[in-house]
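Protein chains: 2
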Amino acid sequence: MSTSQTIPARSSASAASPGAFDAEYDIVVVGGGGGGLPAALFARWLGNSVVVLEKAAELGGTARKAAFWYWVPNNKKMREIGRPDEKVDFLRYVARLSRPQNYDPENPRFGLSEWEYAMCEAIYESASPAAELLSERGALPYRHCAEVPDYWAELPEDKAPRGRVLLPEAACDSMSDGGQVAIRTLSAAAQRDGVDIRTSHRVQRVVRNRAGEVVGVEAATSEGTLIKMRARKAAIFATGGFTHNPELRRNFLHAPVYGGCAALTNEGDFVYIASAVGAQLRNMNYAWMCPVSLEKAIARTPDLSGMFSVAGDSMIWVDKRGYRVVNEKLAYNELAQIFFQWDAANAEYPYLVLIAIWDQRSQEHSASSEYGRLIVPAGTDDSHVIRGETWEQLEGAIATRLQRYSVVTGGLELSGDFLKNLKASVSRFNQFAKAGRDDDFRRGERQVEQLFNGAVKEEPGRTNLTMYPLSDHGPYYAALVSGGTLDTKGGPKTTVNGQVLDDLDIPIPGLYGVGNCVASPSGRAYWAGGATLGPILAFAYRAAHAADAEPVKQIDAIPELVAADSQSIQV
Amino acid sequence: MSTSQTIPARSSASAASPGAFDAEYDIVVVGGGGGGLPAALFARWLGNSVVVLEKAAELGGTARKAAFWYWVPNNKKMREIGRPDEKVDFLRYVARLSRPQNYDPENPRFGLSEWEYAMCEAIYESASPAAELLSERGALPYRHCAEVPDYWAELPEDKAPRGRVLLPEAACDSMSDGGQVAIRTLSAAAQRDGVDIRTSHRVQRVVRNRAGEVVGVEAATSEGTLIKMRARKAAIFATGGFTHNPELRRNFLHAPVYGGCAALTNEGDFVYIASAVGAQLRNMNYAWMCPVSLEKAIARTPDLSGMFSVAGDSMIWVDKRGYRVVNEKLAYNELAQIFFQWDAANAEYPYLVLIAIWDQRSQEHSASSEYGRLIVPAGTDDSHVIRGETWEQLEGAIATRLQRYSVVTGGLELSGDFLKNLKASVSRFNQFAKAGRDDDFRRGERQVEQLFNGAVKEEPGRTNLTMYPLSDHGPYYAALVSGGTLDTKGGPKTTVNGQVLDDLDIPIPGLYGVGNCVASPSGRAYWAGGATLGPILAFAYRAAHAADAEPVKQIDAIPELVAADSQSIQV
Chain B
92 MSTSQTIPAR SSASAASPGA FDAEYDIVVV GGGGGGLPAA LFARWLGNSV VVLEKAAELG
152 GTARKAAFWY WVPNNKKMRE IGRPDEKVDF LRYVARLSRP QNYDPENPRF GLSEWEYAMC
212 EAIYESASPA AELLSERGAL PYRHCAEVPD YWAELPEDKA PRGRVLLPEA ACDSMSDGGQ
272 VAIRTLSAAA QRDGVDIRTS HRVQRVVRNR AGEVVGVEAA TSEGTLIKMR ARKAAIFATG
332 GFTHNPELRR NFLHAPVYGG CAALTNEGDF VYIASAVGAQ LRNMNYAWMC PVSLEKAIAR
392 TPDLSGMFSV AGDSMIWVDK RGYRVVNEKL AYNELAQIFF QWDAANAEYP YLVLIAIWDQ
452 RSQEHSASSE YGRLIVPAGT DDSHVIRGET WEQLEGAIAT RLQRYSVVTG GLELSGDFLK
512 NLKASVSRFN QFAKAGRDDD FRRGERQVEQ LFNGAVKEEP GRTNLTMYPL SDHGPYYAAL
572 VSGGTLDTKG GPKTTVNGQV LDDLDIPIPG LYGVGNCVAS PSGRAYWAGG ATLGPILAFA
632 YRAAHAADAE PVKQIDAIPE LVAADSQSIQ V
Chain Y
92 MSTSQTIPAR SSASAASPGA FDAEYDIVVV GGGGGGLPAA LFARWLGNSV VVLEKAAELG
152 GTARKAAFWY WVPNNKKMRE IGRPDEKVDF LRYVARLSRP QNYDPENPRF GLSEWEYAMC
212 EAIYESASPA AELLSERGAL PYRHCAEVPD YWAELPEDKA PRGRVLLPEA ACDSMSDGGQ
272 VAIRTLSAAA QRDGVDIRTS HRVQRVVRNR AGEVVGVEAA TSEGTLIKMR ARKAAIFATG
332 GFTHNPELRR NFLHAPVYGG CAALTNEGDF VYIASAVGAQ LRNMNYAWMC PVSLEKAIAR
392 TPDLSGMFSV AGDSMIWVDK RGYRVVNEKL AYNELAQIFF QWDAANAEYP YLVLIAIWDQ
452 RSQEHSASSE YGRLIVPAGT DDSHVIRGET WEQLEGAIAT RLQRYSVVTG GLELSGDFLK
512 NLKASVSRFN QFAKAGRDDD FRRGERQVEQ LFNGAVKEEP GRTNLTMYPL SDHGPYYAAL
572 VSGGTLDTKG GPKTTVNGQV LDDLDIPIPG LYGVGNCVAS PSGRAYWAGG ATLGPILAFA
632 YRAAHAADAE PVKQIDAIPE LVAADSQSIQ V
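Keeping their order, the protein sequence lines are chains B and Y.
Each step along the first sequence adds one to the number in the numbering used here, with nothing skipped, and position 406 is 497.
Each step along the second sequence adds one to the number in the numbering used here, with nothing skipped, and position 39 is 130.
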């Protein structure tokens with residue numbers, strides 16, 4: 092898939108004036124992924140005429156690539172099986188993780204800002220109704236993952252550590268195809284219920300009337316035609332983050348990530364479009380993070396998956412010196428932070444690329460082509476795998492491979508004592524593995540680490556399934572790993588109902604945003620599996636209701652070249 | 092000083108239309124600090140009528156608080172004393188530090204983006220002419236600091252490690268009052284040469300004509316009057332960063348800093364004003380960083396200084412567990428990074444607050460009220476100092492003090508084994524100090540660490556001036572330290588001549604920005620002492636020349652409510 096061939100280039104985001112419209116709807120939804128399709132359905136079910144404009148040639152966005160867990164606090168199944176999930180406890184948990192440096196259990200908002208707190212309340216209130224409605228209407232039947240733990244299930248603030256995760260009903264046992272299932276059922280419902288879908292339409296800007304209200308959008312098609320689409324009530328953007336916009340990544344994110352596994356069309360379009368009409372940007376410094384294969388991230392392979400699960404028991408990660416520096420089984424968002432630790436004494440990111448190393452045992456028993464794992468089965472694309480019959484051979488092969496990527500890693504190379512240190516690291520790890528206890532990084536002690544351990548060879552009596560000694564003979568395997576995003580999570584600030592806010596916190600009439608294209612209240616945190624999509628469903632639901640209630644906006648009789656932001660405002 | 096009493100609140104930044112102007116000038120400069128005053132002078136010397144609008148009641152901004160070193164590559168004195176500073180070497184050095192992960196010595200731009208490279212070239216080309224002109228005209232006579240090293244003087248990429256720093260000529264020996272001297276001489280020159288100065292004028296928005304050109308600004312006075320000022324050629328903003336805007340800090344910076352020592356008026360005004368007319372924001376994730384007294388940063392004391400120099404030899408910093416975790420003498424921008432290291436396994440910033448500890452010796456011989464030091468002389472404000480006759484007493488006093496700040500530190504407190512670990516840390520440090528060699532963090536081995544060591548008691552024969560054993564008896568002293576900014580360094584992207592760029596990299600006619608209110612090409616780096624002000628002078632010089640060459644812009648005959656961004660643009 093080459094986006095440059097099928098998708099028109101971005102052009103000016105300056106708001107257009109209402110000239111002749113090519114079509115009109117009550118509500119125009121921009122983006123046909125995990126936020127847009129639900130928003131369109133919710134709006135349609137309220138009786139609106141709705142169109143979905145999707146930039147790519149097919150629906151699905153990033154969600155289609157995801158496992159599509161969705162995290163729904165106090166969901167119906169939890170209530171049915173008697174798992175209490177009180178609002179105040181939920182809020183305390185998310186506050187503890189979103190702004191740890193501000194967390195104060197005695198504070199009425201637990202240290203969250205007013206906006207963050209209100210947004211988190213909205214998630215608690217609306218994720219479950221949204222999920223239930225989608226299920227009832229057959230758009231997204233689900234099954235309950237009653238025993239899946241939150242990523243921070245051990246925190247004292249987590250009073251409902253298991254049971255918040257839902258999953259598309261028809262997903263396979265490993266759950267990895269949830270996104271494909273969800274996009275299929277959501278799309279079918281949209282078609283069934285009369286949502287118009289137009290793919291290969293890249294929205295370039297909104298259309299505003301003389302009063303400054305958003306009354307439509309202007310989209311470029313792959314043929315280069317410009318289409319003006321009226322939105323009588325509102326336009327709802329759900330266009331994803333800016334993972335594939337290197338310029339925005341470099342200038343906003345807290346860490347220099349190597350791209351990520353969002354849909355390749357996630358280039359931050361809404362940052363430009365909303366900024367042009369005065370939106371304020373928030374949470375621009377953070378992303379949903381994950382480890383990625385360095386090579387696949389750089390190649391921007393369209394099917395790149397985040398490494399949700401680091402496979403293997405006889406497997407370690409080491410740095411360029413040959414040392415272990417992290418618990419390899421940490422939940423992905425946390426694990427990905429290690430790559431960007433700054434060495435202030437040497438002005439470098441010493442862990443920017445780590446080296447995953449495993450033996451034949453893990454190769455045979457832990458290979459999988461799911462969840463972005465590095466240990467892949469025979470017959471699948473293993474171009475990222477480095478091999479050596481001995482440690483010495485492996486070291487040579489790693490050095491050669493690193494050399495190939497030198498220009499994108501600031502010249503990162505193995506230190507002279509790599510081999511010596513690697514052998515010592517393996518020996519030390521092997522002792523930990525035998526004892527079942529990692530004295531350096533406590534590998535395998537958390538629920539989430541066990542959850543994502545993947546398949547390992549059975550070993551009767553073993554207490555820690557995440558570790559096993561690496562073999563004292565080859566062959567050995569390695570792969571280069573770095574940090575990327577699932578997608579970013581900053582963008583225009585919205586109300587709890589998805590209304591985009593201007594620089595004085597006043598809603599821009601008719602303009603809505605949901606999902607990764609707008610600011611998340613989660614700060615840097617990843618609360619749980621599905622903490623992306625659960626809140627997205629909640630906000631899609633709320634935005635659709637608010638948009639439904641919007642008055643029909645007038646378009647100017649004479650399309651003069653005017654805009655509201657040109658008014659002189661007296662203070 | 093209370094900003095809320097004397098400075099009007101921010102109001103909408105939406106561009107105003109050209110109604111009746113209260114005054115007109117060729118060039119309107121917004122901000123009367125280290126960027127604005129030079130820009131105004133350069134513009135005036137080219138024959139323009141110029142006004143400076145300053146938000147505060149007095150001129151000077153952050154620069155007045157600074158030592159006002161300015162880093163000028165290939166400056167005249169270097170050339171005179173035969174210190175070669177080739178452009179290509181300069182560019183390699185700044186590229187190595189600004190984007191270490193992209194640095195490639197073989198790449199024609201060394202891994203910098205096209206824009207970053209061009210901006211760095213502009214610094215090399217124009218900092219020296221700017222400095223010379225200011226000196227020749229008596230606005231900023233300087234003395235050359237021939238032996239002051241760059242902060243990364245040891246890097247092989249630094250081919251001119253000493254001699255790039257200039258200093259206001261009349262600054263005292265310790266150089267700490269350079270900013271006051273510079274603002275005095277710059278202000279006097281401005282007055283002498285006919286630059287109009289209006290303080291207590293907070294610019295709220297720009298004024299645009301129908302063609303979308305910036306033709307003036309609108310400012311609120313402390314009395315609440317709105318003043319419209321025409322800029323026939325251009326408006327140049329030099330309004331500083333967003334250090335004192337907690338909302339912007341929280342949503343853009345890579346680290347959760349506790350404010351900083353920029354002028355209290357640096358609230359990110361230009362982010363709002365330029366965004367409202369379609370500017371793109373860049374380098375929003377980074378700041379000029381420095382350690383700060385936690386208590387002073389939280390109190391927002393107007394005279395807060397960055398801790399440019401960490402004083403004392405019998406002095407260490409420890410974390411909440413009582414361990415040393417950093418080389419206390421690292422250059423300030425680098426030292427400040429330690430506070431924000433993320434602990435991904437525990438979801439916290441474990442080093443958010445560190446504890447500086449020293450003994451009577453350092454108290455007696457290293458106290459100073461300059462450069463933001465924690466060890467202050469008797470008779471000065473020492474409310475941040477914690478005391479104990481014994482280690483046990485000191486521990487108790489630290490615990491009590493931390494408790495007071497619990498609500499802003501996420502409940503940070505001493506661990507149960509703090510005292511034991513502290514004693515072990517002191518003992519280990521004392522051995523290093525005796526040997527003159529810090530095996531843990533290499534304290535004192537770099538030129539910049541020696542430069543900023545401050546006064547210490549003389550000890551004949553000592554090889555490492557930065558270390559001396561802490562006494563085995565009290566009294567002992569401590570202070571809480573965290574990370575802050577000198578100021579931020581992100582904002583609208585400009586051309587190499589300071590023209591603010593829209594989202595398609597097209598200059599917004601008539602709108603300029605220089606200094607910390609616009610995007611720096613330095614990424615996260617702090618190249619050297621004065622790497623803030625040297626480049627600022629270069630860009631002030633270039634912006635003034637470009638603004639001078641601008642055509643006079645027409646104001647619309649009939650002040651209709653119109654703006655350029657309302658035009659329908661065909662792609």
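Among the hints, erroneous ones may be present.
As the list claims (entries may be wrong) - Derived DSBU-like pairs: lysine-lysine, alpha-carbon spacing no greater than 35 Å straight-line:
#1 B:Lys-319 / Y:Lys-644
#2 B:Lys-525 / B:Lys-250
#3 B:Lys-511 / Y:Lys-525
Claimed, not checked - Facing chain B, according to a computed beta carbon distance under 7 Å, are these residues of chain Y, among others:
#4 Glu-115
#5 Ala-438
#6 Asp-596
Hints in this document: simulated from the structure, not taken from any laboratory.
These numbers come from a predicted model, not from an experiment.
Heads up, the beta-carbon is just placed ideally off N, CA and C, and yes, glycines get one too.
(Q) For the restraint on Ala-438 (chain Y), tell me whether the closest CB of chain B is nearer than 7 Å. (A) 6 Å, holds
Q. Is Lys-525 (chain B) within 35 Å of Lys-250 (chain B), Cα to Cα?
A. Holds - the C-alpha atoms of Lys-250 (chain B) and Lys-525 (chain B) are around 34 Å apart, at most 35 Å.
Q | Per-residue hint verdict: Asp-596 (chain Y), partner chain B, C-beta under 7 Å | A | 10 Å, violated
Q) Are Lys-511 (chain B) and Lys-525 (chain Y) close enough, with their CA atoms no more than 35 Å apart? A) Roughly 32 Å separates the two Cα atoms, so the pair holds.
Q.
Checking one constraint from the list: CA of Lys-319 (chain B) to CA of Lys-644 (chain Y), max 35 Å. Satisfied?
A. Status holds; Cα separation ~33 Å.
**Q.** Interface hint status, Glu-115 (chain Y) versus chain B (Cβ within 7 Å)
**A.** 17 Å, violated
Checked against the numbered hints above, the structure violates hints 4 and 6; every other hint is satisfied.
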